[in-house]
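Protein sequence lines, in the order shown, are assigned to chains A and B.
Those letters in the first sequence? Residues 45 to 438, by our numbering.
Those letters in the second sequence? Residues 33 to 423, by our numbering.
For the record, the hints were derived by calculation from the structure and aren't laboratory data.
Treat each hint with caution, since some may be false.
Below, simulated DSSO-like cross-link-like pairs (lysine-lysine); rule was C-alpha separation at most 30 Å, straight line [stated by the list, open to error]:
1. A:243 x B:393
2. B:68 x B:34
3. B:232 x A:243
4. B:232 x A:215
5. A:222 x B:215
6. B:180 x B:374
7. B:211 x B:296
8. B:215 x A:243
9. A:299 x B:232
10. A:160 x B:244
11. A:299 x B:151
12. B:211 x A:243
13. B:222 x A:222
14. B:211 x A:215
15. B:286 x A:153
16. B:151 x A:302
17. A:208 x B:232
18. A:208 x B:215
19. B:232 x A:213
20. A:395 x B:151
21. A:243 x B:374
22. B:286 x A:243
23. B:232 x A:302
24. A:215 x B:244
25. A:160 x B:222
26. B:380 x A:243
27. B:393 x B:177
28. B:319 x A:215
29. A:222 x B:211
30. B:89 x B:34
Restraint-style ranges between C-beta atoms, simulated for each label pair [as the list claims (entries may be wrong)]:
31. B:123 x A:292: 27 to 35 Å
32. B:63 x A:401: 54 to 62 Å
33. B:40 x A:394: 39 to 47 Å
34. B:296 x A:134: 46 to 54 Å
35. B:204 x A:429: 55 to 63 Å
36. A:310 x B:73: 47 to 55 Å
37. B:207 x A:394: 36 to 44 Å
38. B:296 x A:391: 42 to 50 Å
39. A:238 x B:248: 25 to 33 Å
40. A:394 x B:204: 36 to 44 Å
We put the beta carbon where it would ideally sit given N, CA and C, even for glycine.
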Amino acid sequence: MEILFYRYNSICEPDLIESFEKLGITVVEDRTQITEKNVSGERLVGEVAEILRNHSFLFVFSVNFFPALSEICELMQVPYIAWTVDVPIQELFSKSLENKCNRIFMFDKSQYLYFKDRNPEGIFYLPLATNTARWDKVISSASESERKKFSSDISFVGSLYGEKNPFRKIKGMDDYTKGYLQGVIEAQLQVYGENFTEKMISDEILRMLEPLIPDMHQPLFEGNLQAQRYLVAHSFVGVEIAQTERIRLLNALAKTQKVDLYTFSDTSELSNVQIHQGVKTLTEMPIVFNSSRINLNITMRPIATGLSLRVYDICGCGGFLMTNWQSELPDIYEPGVEAEYFTSEEELIDKAGYYLEHDEAREKIAHNGYLRTVKEHTYDHRIADMIRVVNSTL
Amino acid sequence: MKILTLKWDCFGYQNIRNAFKLAGYELCEVDFPRDKEDAKNSEVLAKLVVNAIQNNKADVVFSFNYFPVVAMAAAACKVKYISWTYDSPYIMLYSRTIDFPTNYAFVFDKSEYINLRNKGINTVYYLPMAADSDYYDGVIIDDSKEKKYISDIAFIGSMYTENKHNLIRHFDNLDEYTKGFLKGIMNAQKQIYGMSILEKSMTTDVIRNIQKVCPIIQSGDGIEDISWVIANYFIARKLTAIERTEMLEALSQKYDVSLYTPEKTPNLTVNNMGAVEYGKDFAKAVKGAKINLNITLRSIVSGIPLRAFDIMGCGGFLLTNYQADFLDYFVPDVDYVYFESKDNLVEKAGYYLEHDEERKKIAESGYKKVKEQHNYYIRVKEMLKIACIEN
Chain A
45 MEILFYRYNS
55 ICEPDLIESF
65 EKLGITVVED
75 RTQITEKNVS
85 GERLVGEVAE
95 ILRNHSFLFV
105 FSVNFFPALS
115 EICELMQVPY
125 IAWTVDVPIQ
135 ELFSKSLENK
145 CNRIFMFDKS
155 QYLYFKDRNP
165 EGIFYLPLAT
175 NTARWDKVIS
185 SASESERKKF
195 SSDISFVGSL
205 YGEKNPFRKI
215 KGMDDYTKGY
225 LQGVIEAQLQ
235 VYGENFTEKM
245 ISDEILRMLE
255 PLIPDMHQPL
265 FEGNLQAQRY
275 LVAHSFVGVE
285 IAQTERIRLL
295 NALAKTQKVD
305 LYTFSDTSEL
315 SNVQIHQGVK
325 TLTEMPIVFN
335 SSRINLNITM
345 RPIATGLSLR
355 VYDICGCGGF
365 LMTNWQSELP
375 DIYEPGVEAE
385 YFTSEEELID
395 KAGYYLEHDE
405 AREKIAHNGY
415 LRTVKEHTYD
425 HRIADMIRVV
435 NSTL
Chain B
33 MKILTLKWDC
43 FGYQNIRNAF
53 KLAGYELCEV
63 DFPRDKEDAK
73 NSEVLAKLVV
83 NAIQNNKADV
93 VFSFNYFPVV
103 AMAAAACKVK
113 YISWTYDSPY
123 IMLYSRTIDF
133 PTNYAFVFDK
143 SEYINLRNKG
153 INTVYYLPMA
163 ADSDYYDGVI
173 IDDSKEKKYI
183 SDIAFIGSMY
193 TENKHNLIRH
203 FDNLDEYTKG
213 FLKGIMNAQK
223 QIYGMSILEK
233 SMTTDVIRNI
243 QKVCPIIQSG
253 DGIEDISWVI
263 ANYFIARKLT
273 AIERTEMLEA
283 LSQKYDVSLY
293 TPEKTPNLTV
303 NNMGAVEYGK
313 DFAKAVKGAK
323 INLNITLRSI
333 VSGIPLRAFD
343 IMGCGGFLLT
353 NYQADFLDYF
363 VPDVDYVYFE
373 SKDNLVEKAG
383 YYLEHDEERK
393 KIAESGYKKV
403 KEQHNYYIRV
413 KEMLKIACIE
423 N
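Produce the entire structure from the sequences given, and follow the hints as far as they go.
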C-alpha cells in the first residue's frame, strides 16, 4: 500500500509520515515544493501526472489544499486527501474544492461548516493532534542547563504578527472606514467564542477597500463578494486583531507577573516582557513548554472555534495550558481538569496569579492534559480516524 | 414597624404599598417632587424626607429608584433606606452615597448588580421586577367596542427616535472617524446578547472626540466613568432605536403588527396605534395580541424588563430577545420564547402565529409562574429579609 505525500515542509509532515508508516503504508514523498518555491500549477500538474501514470497509489496526501493537485487527481481518478492546519486558506475558494476525488479534513469546525456545502461528500471535520513520543524523547534528554535556560513562570512561544500584518499596510482608507474597522476590532477583542468580524464587513466596506487591496483582485476573489468578505475579515482585520490582542494581553500580564516571550517578531510595543529569540520547534520548544509553569495560548481570531497545533503541543509536552476560550476546547480537554482558559484580560490575570500560587493544582491539570493527549490526541489517532472515514466513503 | 414610602409617578407605587400592608407593616407616605428638584443634592428634598421620617416616626424608608438625597436623609436619621431601581441606565446608582451602610439598593439587572459589586459596593442587591396579575386578571376586552386592541403581534414601547431621547443629534457634528467607530461597535453589539461591549470598546481618542462635540458633564459626585455614560445614555439608546425599527419593519412586511408608542413612525409599515397608558389600556393591548414582543433597551444588559413581567402577568405570549436573567426563573419554550437575531424573530413569530395550541400553552405556563412567584408580595418579603427587617 503506497501513498504519494506532496510536501511543502509544514511542521506536521514528519509526524504524519510516521503515523502512516505505522499503519503499514509506504509513503512516497514529492518534495518539489520544499526545494523550490512558487512551483507553478502547470509544473505541479505535469510532474505529479507523470508520477501517477507510472505508479499506483492508494491516495495522494497533502497538508492544506493544493487546487492543482486536486485537478490532477480528479483527472486520474486517484483520491486526494488533504488536512487543513490553518485559517484562512485562500485555496479553499478554488472551484477544485468541489472535485469528487477530494477527501478534505478541516481542523476548525467553523472552517468546516463554512466550506462543507460545496462538497458535502468530500469535506470532513478532524481536529489536530501532536506526537507525544517525539516530545518525550526531547524532554527526557534535556540537560539541566537547558531546563534552567527555558524555565519560566509564564511563557509564550509565537509570533506577534507584526511582520505578517497586511492590515497596517493598507493606504488610502477614508476616516469613516478606518473608524468603523477599529470599532469592530475593539468590540471583537472583548468577545471570546464568537467571531463576528466577517458579518461586519458589509458590501459598502468591500467596495471602499477594493481599490486599496490588490489581493481582492486575485482570480479566486475577483467578483466574488462572499470570498472577498472572508479575505478581508480573516487575512486583514483578523490579523490586526491578533497582533493587537497579543500585545495587550502580554503587556497586561507583565505588569504583575514575569512573562517570557520567545519570538522572531518585532517587540517594540511590549513593556516589561522578557524577550527571547524564537526557539527551534523540534529541539527547544518542548523544553520551554515542559519547563514553564504556565504556557499561554492566544489563538488568532481567524481560527474562530478550533484548537491550533500549539494547544496540542503544549499539552503533549506535559505543559500547563492557559488558553483563550475556544468553543471546541471542551471537546478536547476538560476545562479546569485538563487545561485552563480565560475569557477576558481580567480573567487571564486572575487565573495566572492563582495558578502560580497553587503548584499542586496546576501540576495536576498539566499531568491530566498530558495523559489525555497520549490517550486520544496523537497523530496516530487522527490518521486512523482519517483512513476509516476515507474507506467508508470510497 | 413603620415604613415611609416616597410618592412620585413611578410604576408600581400602589402595588408596593399593598404588599407592605399585606406583610403586616404600618405605612406612611410623603410626596417626593423629584421632577422639580435635583434628587442628587437638593436641600429641599433632603429636609422634606428628614421631616417626614421624624414626624411619622418611620423606621424604614422606601422608594422606587435610588435617590442620593434620600440616602443622606435616611442615614442622618439612622433609619434603613430600601430602594428598588427599575430604570436603566440609572446614573444615580453611581453616587458616592451608594455605599452608606443604611442603604439596601435593589437593582433588577444582574449585570448592573455585578458591575457595582465589582467596584466594591456592597449595598446593592439583585431583585428582578414583578407584576400584579390580580389586577390584570380583572381587565377584560370588550370585543365589540375595543377591536383596536386585537392584533397578531403587538409591541408596546418607545422607539427612541424622538429627539429628546436621541441626544445623538449632537453626533452629527462628530468627525468621520468617530462616526465610523460608533457604527462599528453598534453593528458588533447587534450580534451579541448577554454582554455589552459598548463601554469598554471606546478608546480614549474616541471619548475625547465625543466630548469635543457634546461635552458630557460628569456629576462630580459620582463614580461612573464617562465611557459608561456615553455607552448607556447615548449609544445604547441609538442602537435600540435602530433595532426596534429594523425588527418591526421586518415583521410588518410579513405579519400584522400593532405598535403602541407615542412617537410618529412614518417610515414603518406597522399599525401605529399611538400611546397606551400603563394600566388598563396596556393590559388590553397585551391581551388582544396573539404575540407580545419585547426588544430590550440595550443598556439593560441581562435584566428582565418590567414589560416582560407585565406581559406574562396579563397572560400574554412573550416573544423576547435573549436576556440572560430570564434563565434564572423561566424555561425557554415552556414559559416564554426568545429570539437571537432579526431573522430568528421573524421565523419564530411566523411559527407561533400558526401554532395556536403551543402558543397558548406557553402563555399559560408563563402566566402561572409570574402569578405565583413574581408578585409584589414575594418581592417585598425578599427585600425585607435581605435588609434584616422584621416586624
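Status of the hints after comparison with the structure:
1. Taking the CA atoms of residue 243 of chain A and residue 393 of chain B, the gap is near 36 Å; set against the 30 Å cutoff, the hint is violated.
2. For the hint linking residue 68 of chain B to residue 34 of chain B, the alpha-carbon distance of about 27 Å falls within 30 Å, and the restraint holds.
3. With a C-alpha separation of about 21 Å, the suggested pair residue 232 of chain B and residue 243 of chain A falls inside the 30 Å cut-off, and the hint holds.
4. For the proposed pair residue 232 of chain B and residue 215 of chain A, the alpha carbon gap of about 28 Å is at most 30 Å, so the pair holds.
5. Under the criterion of a C-alpha separation no larger than 30 Å, the hint pairing residue 222 of chain A with residue 215 of chain B is consistent with the structure, at around 11 Å.
6. Only pairs whose Cα atoms come within 30 Å are accepted, and residue 180 of chain B paired with residue 374 of chain B is accepted, the gap being roughly 26 Å.
7. With a C-alpha separation of about 26 Å, the suggested pairing of residue 211 of chain B with residue 296 of chain B holds against the 30 Å cut-off.
8. Pair hint residue 215 of chain B plus residue 243 of chain A holds up; C-alpha atoms about 14 Å apart against a cutoff of 30 Å.
9. With a CA separation close to 20 Å, the supplied pair residue 299 of chain A and residue 232 of chain B stays within the 30 Å bound.
10. With a C-alpha separation of about 50 Å, the suggested pair residue 160 of chain A and residue 244 of chain B falls outside the 30 Å cut-off, and the hint is violated.
11. Proximity of residue 299 of chain A to residue 151 of chain B is assessed by CA-CA distance (about 21 Å); at most 30 Å being required, the pair is judged to hold.
12. Simply put, residue 211 of chain B and residue 243 of chain A have alpha-carbon atoms about 19 Å apart, close enough for the 30 Å limit, and the pair holds.
13. For the proposed pair residue 222 of chain B and residue 222 of chain A, the alpha carbon gap of about 20 Å is at most 30 Å, so the pair holds.
14. Between residue 211 of chain B and residue 215 of chain A the alpha-carbon distance is near 20 Å, which keeps this suggested pair within the 30 Å criterion.
15. Between residue 286 of chain B and residue 153 of chain A the alpha-carbon distance is near 34 Å, which puts this suggested pair outside the 30 Å criterion.
16. Restraint check for residue 151 of chain B and residue 302 of chain A: satisfied, since their Cα atoms lie roughly 27 Å apart, inside the 30 Å limit.
17. The straight-line distance between the Cα atoms of residue 208 of chain A and residue 232 of chain B is roughly 27 Å, inside the 30 Å bound, and the hint therefore holds.
18. Of the supplied pair hints, the one linking residue 208 of chain A and residue 215 of chain B holds, its CA atoms being roughly 28 Å apart against a limit of 30 Å.
19. Proposed proximity of residue 232 of chain B and residue 213 of chain A is supported: the alpha carbons are some 27 Å apart, at most 30 Å.
20. Taken as a hint, the residue 395 of chain A and residue 151 of chain B pair is honoured in the structure, with Cα atoms around 19 Å apart against an allowance of 30 Å.
21. For a cut-off of 30 Å, the pair hint linking residue 243 of chain A to residue 374 of chain B stands: about 14 Å separates their Cα positions.
22. Between residue 286 of chain B and residue 243 of chain A, the direct Cα distance comes to roughly 25 Å. Compliance with the 30 Å bound is thereby established for this hinted pair.
23. A distance of roughly 26 Å separates the Cα atoms of residue 232 of chain B and residue 302 of chain A; the hinted pair therefore holds under the 30 Å criterion.
24. A distance of roughly 27 Å separates the Cα atoms of residue 215 of chain A and residue 244 of chain B; the hinted pair therefore holds under the 30 Å criterion.
25. At roughly 27 Å between alpha-carbon atoms, residue 160 of chain A and residue 222 of chain B fall within 30 Å of each other, so this suggested pair holds.
26. Proposed proximity of residue 380 of chain B and residue 243 of chain A is supported: the alpha carbons are some 22 Å apart, at most 30 Å.
27. For the hint pairing residue 393 of chain B with residue 177 of chain B, the CA-to-CA distance comes to about 27 Å; that is within 30 Å, so the pair holds.
28. Of the pairs offered as hints, the one joining residue 319 of chain B and residue 215 of chain A is violated, with about 58 Å between alpha carbons and a cut-off of 30 Å exceeded.
29. A distance of roughly 10 Å separates the Cα atoms of residue 222 of chain A and residue 211 of chain B; the hinted pair therefore holds under the 30 Å criterion.
30. Of the supplied pair hints, the one linking residue 89 of chain B and residue 34 of chain B holds, its CA atoms being roughly 7 Å apart against a limit of 30 Å.
31. Taking the beta carbon of each, residue 123 of chain B and residue 292 of chain A are about 29 Å apart, inside 27 to 35 Å as hinted.
32. Judged by the Cβ atoms, the range 54 to 62 Å given for residue 63 of chain B and residue 401 of chain A holds: they are separated by roughly 56 Å.
33. A C-beta distance of roughly 42 Å is found between residue 40 of chain B and residue 394 of chain A, which places it inside the suggested range of 39 to 47 Å.
34. Roughly 50 Å separates the CB atoms of residue 296 of chain B and residue 134 of chain A, a value that falls within the hinted 46 to 54 Å.
35. In this structure, residue 204 of chain B and residue 429 of chain A meet the distance hint of 55 to 63 Å, their C-beta atoms being roughly 58 Å apart.
36. Range check, residue 310 of chain A to residue 73 of chain B: Cβ separation about 52 Å, and the 47 to 55 Å hint holds.
37. For the pair residue 207 of chain B and residue 394 of chain A, the supplied restraint of 36 to 44 Å holds, since their beta-carbon distance comes to about 37 Å.
38. Remark: the range hint 42 to 50 Å for residue 296 of chain B to residue 391 of chain A is upheld by a beta-carbon distance near 46 Å.
39. Between residue 238 of chain A and residue 248 of chain B, the C-beta spacing of about 31 Å keeps the proposed range 25 to 33 Å intact.
40. Between residue 394 of chain A and residue 204 of chain B the beta carbons are some 42 Å apart, a value that agrees with the proposed interval 36 to 44 Å.
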